[in-house]
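S.K.: The two chains are supplied separately, each in an independent frame; assemble them into the complex guided by the hints.
Top line first, the protein sequences correspond to chains A and B. Heads up: the first sequence begins at -1 in our numbering, then just goes up one per residue. Heads up: the second sequence begins at 6 in our numbering, then just goes up one per residue.
Calculated directly from the structure, the hints in this document are not laboratory data. Some hints could be false.
Stated by the list, open to error - Cut-off 25 angstroms, straight-line C-alpha distance, at most; resulting in silico cross-link-like pairs (DMTMM-like, lysine to aspartate or glutamate):
hint, chain 1, residue 1, chain 2, residue 2
1, B, K141, A, E203
2, A, K64, B, E296
3, A, K64, B, E53
4, B, K188, A, D4
5, B, K181, B, D251
6, A, K26, B, E232
7, B, K188, A, E8
8, A, K26, B, E191
9, B, K313, A, E67
10, B, K141, A, D189
11, A, K42, A, E67
12, A, K77, B, D193
13, A, K64, B, D317
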Amino acid sequence: MAQTPDYSIEPLTDRSLLIRFGSRISRKTHEKVLRVFYVLQAEKHPFIVDLVPSYASLGVVYDLVKSAELPGEGSISSKVARMLEERLLTVTDNRKMPQKRRLEVPVCYDTCFALDLEDLAGKKQLTPQDIIGIHCAKLYDVYLLGFLPGFAYMGIVDDRIATPRRSTPRTLVPRGSVGIAGNQTGIYPSDSPGGWQIIGRTPVELFNPSADQPSFFLPGDEVKFYPITKHEFENY
Amino acid sequence: MSLRIIKSGILDTVQDGGRQGYAHMGIPPSGAMDPFSASLANAILGKELTDPVIEIHFPAPVIEVTEPCVLSVTGADFSATINGLSLPLCQPALVTAGGLVEFKKPVSGARGYIGVYPGLKLEAWLNSYSTNLQAKAGGWEGQALRNGDSIQLERYTGTDRVFKLLPWNSRQQLIKDRIRIVKGPEWDLLDENMQQHFLNDRYTIGRLSNRMGFRLKGTPLIASSTEEMLSSAVLAGTIQLLPDGDPVVLMADHPTTGGYPRIASVIGADLGLLAQLIPGSALQFSIVDLEQAEQLFLSQNRYLEELKALSDAEMRLFLKG
Chain A
-1 MAQTPDYSIE
9 PLTDRSLLIR
19 FGSRISRKTH
29 EKVLRVFYVL
39 QAEKHPFIVD
49 LVPSYASLGV
59 VYDLVKSAEL
69 PGEGSISSKV
79 ARMLEERLLT
89 VTDNRKMPQK
99 RRLEVPVCYD
109 TCFALDLEDL
119 AGKKQLTPQD
129 IIGIHCAKLY
139 DVYLLGFLPG
149 FAYMGIVDDR
159 IATPRRSTPR
169 TLVPRGSVGI
179 AGNQTGIYPS
189 DSPGGWQIIG
199 RTPVELFNPS
209 ADQPSFFLPG
219 DEVKFYPITK
229 HEFENY
Chain B
6 MSLRIIKSGI
16 LDTVQDGGRQ
26 GYAHMGIPPS
36 GAMDPFSASL
46 ANAILGKELT
56 DPVIEIHFPA
66 PVIEVTEPCV
76 LSVTGADFSA
86 TINGLSLPLC
96 QPALVTAGGL
106 VEFKKPVSGA
116 RGYIGVYPGL
126 KLEAWLNSYS
136 TNLQAKAGGW
146 EGQALRNGDS
156 IQLERYTGTD
166 RVFKLLPWNS
176 RQQLIKDRIR
186 IVKGPEWDLL
196 DENMQQHFLN
206 DRYTIGRLSN
216 RMGFRLKGTP
226 LIASSTEEML
236 SSAVLAGTIQ
246 LLPDGDPVVL
256 MADHPTTGGY
266 PRIASVIGAD
276 LGLLAQLIPG
286 SALQFSIVDL
296 EQAEQLFLSQ
306 NRYLEELKAL
316 SDAEMRLFLK
326 G
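Bound-form chain B, shown alone (with noise of 0.2 angstroms):
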């Protein structure tokens, strides 16, 4: 009972909501890139919304189900097909045994999600089913995926055993390109004008850009003092500003702590956003209060726990058959 690795893509990791508690060991979070389409692979489908997904890149994996499941993908377009078919971001699909899931091509994004119902069965590592590559533990071996892995699946349990499209969807986060962050612990190490280049200039997402950190390209920014800073915590979202002037955002995999000033971070509704945005993608930042950040990310999660609910009982009626 197994999701198979027919042809590995360019960075095929499990995923889940992420593994707090371990920073203190020097041990990040991981998790997905864009956390709420990961969540929307899930929700969609009734389950947690932290539960285990697989995060994709283009080129994308080549994936044999060899018992029946039910699939989704989220984030990015990469044109999924079953067995040739289209299957539409954000929609159920019962996939029999022998399904065939392929990636045609790059419409849109830059990280896909891959939600499975009624689930994967992995290993936790440290309460948690992240793969954190640098230590190389978690998620599926603590590696990306490879040819011939095998992923065992939780027993699908419904009657119904041909492949369909489920009756219910959602909506998916469109592609922006403009950003909200508020302000750093060393916001004020920008002047006046050093704040305003930030807020108003176009960045470009740099081409060593990937799960650690997207280095930004674009007008340089000088910090009033070079005074080189203790290292302290940051977290994804967090943007430094490093000696050159270009500004770093990190990402999943950061490192739990920094010694480059952090002059704002994304704010946690909009990383998602970002994440989707792949190398040479331009994009703004803009700035909002603490509170407005706080609710963007809460009003997201109401939504989130509504669409699974829904979708829950939808599920249920559907296995009843």
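Just chain A, same shape as in the assembly (with noise of 0.2 angstroms):
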């Protein structure tokens, strides 16, 4: 049976609205989020000129002179809304939806790169071995790209390595740092302030702006990480 996934929709600005799906972060709500990201993506409407998704919403950005055409009365706003609840209810659990890319991303964590790693274990009472194991050892789904170009939020982290942000934000957090905040891990894809909590780094290019896909990371992708020696990360 189909079914039609919970959401609400909602004015983001005068032209752009919100679909929420949830409030907090879960897998299942996420699942849905995507759902209607890559058929709104696919459908290619010309009048939707952006789509933003995020843990439990999506935000659908639309040119106004071109939705002022779209049938009905009202504001153009719910003129959208009205269509964009059109195409949610072909949007069923059972729809096939595109397979997932896992990414295998190499991370050096040797305290070079590690600037916050040895704190974190002493307020976890753990090893850095262990920490880089814990969080080695899980499968992450990428929520969303924000902050940055390229700069992709994962999780969920285990609980035993989840950290708030740092009260002091660095002036320069170097490329390729990796990092945890709450229960979230993720990478920055180039030289920039941040309160993350720096556990290693990656050589992997994580924004490329000549490349075809400009993002390494996009909405979706399941990522696993694993430790390499500084010998192989300067080698990459």
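M.R.: Here it is, written out as structure tokens:
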């Protein structure tokens, strides 16, 4: 039996709508976000200009001039909302989703890169090796890209190593730094100020403007980290 | 055939109508801070509203034109001159080879736009000519213009080669300090008292305001819930409430998602007005409903398209000589 996802649609700005699917981080809620994201992306509606998936919601940005031509009465916002509702009716749990990409990402957890690892180990009463093991054990989901081009928010990090952001952010976190913030893990695609707890660094290029797909990660990817030595890092 | 930067200004970047379609990769649209004035710079030349223009601040650049082209200046009034002669806002001028474009002093506004006919010759990145300073891509090599940079121009085909102001112009938007907003998804996190403060108080644009966002100083606003919000979509114009009680209006180079309550958003038609207010300026918000906001934007767009059509006709006549 077809099941429509539970959702609500409301205005986000005067030219965008927000489709909400839940209020907490969960794989189940995120599957709903991804389903609708993929469907709208594939349907290539000429008046939808951007889609912004996140943990539990999807932003839909539309062109006001083009959307004004949609059928129906009332505000353009309500016309787009009605159109989205129609599309959402066709999004069922049975509908085939694109194959998830599984990405393996090398991380060097050497002390020269793992700026906060020792502090974290102390706080959690674990050894750095324990933390590395726990970090690498899980298959993470990419929930969204945001904050910087190519910055992927991944979760859900094991409780034993989940930790709040630093109380004082760094003015410069080096590119490739792998960090933890709350129950999320992520990698800085470029040098940037930042407050995540840094436990390693990857030699992988996460953002390349010249590539066909400039961002290494996309929402919906599955990610597994594996440790490499400093030597392997330098020769990647 | 180029515009040569003799002396760069404090921040000169190529911008256009914005880079749409990549927010899911964390790539925001960037684009002109004042979309209306940028479109106006193109419309008065008969060009597509979203064509690339040069966004300037004050101190502004000194530019040498090495081959003829027609220029327009809109947005902020920085007292533009060509070879020392005054160039009025929103009026096309035929500039000959060797022409020197300067901006003598800031009179009003924060961001100016230079439109160029026939056009700038640039490579698009992800279907847009806007500069993404964080990604270091798009526009002019992903960065602000520097001394010695030379932007190629498309070839001007008119026969007239004498500097002159062309015989048509348009009006500029007035600088206004009343900025219209619509409610945001987290508007109700403000109780009625706080909502009234937000709509009645005067805010000052903080020093730390830039292309990413404008921090507003005034009576701190307190949300009724301090529960952390999951990161969710934000756009240029979105007004976030920071934990210290300051509202922040996200602007062109905003991050694509944010975790702070979105209490309201500046309507598209007024984004440009906000962008023209310099740090230290005061402003006040006034609330409109969605339909009004939409109609205001559409009527602005109609005006620009009509101006473009008229200017295009004038330009063709002029080029025939």
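S.K.: Against this structure, judge whether each hint is valid.
M.R.: Hints and how they fare:
| no. | hint | result |
| --- | --- | --- |
| 1 | K141/B x E203/A | holds, 15 angstroms |
| 2 | K64/A x E296/B | holds, 15 angstroms |
| 3 | K64/A x E53/B | holds, 16 angstroms |
| 4 | K188/B x D4/A | holds, 24 angstroms |
| 5 | K181/B x D251/B | holds, 22 angstroms |
| 6 | K26/A x E232/B | holds, 22 angstroms |
| 7 | K188/B x E8/A | holds, 11 angstroms |
| 8 | K26/A x E191/B | holds, 24 angstroms |
| 9 | K313/B x E67/A | holds, 21 angstroms |
| 10 | K141/B x D189/A | holds, 12 angstroms |
| 11 | K42/A x E67/A | holds, 17 angstroms |
| 12 | K77/A x D193/B | holds, 24 angstroms |
| 13 | K64/A x D317/B | holds, 23 angstroms |
When each numbered hint is compared with the structure, no violation occurs for any of them.
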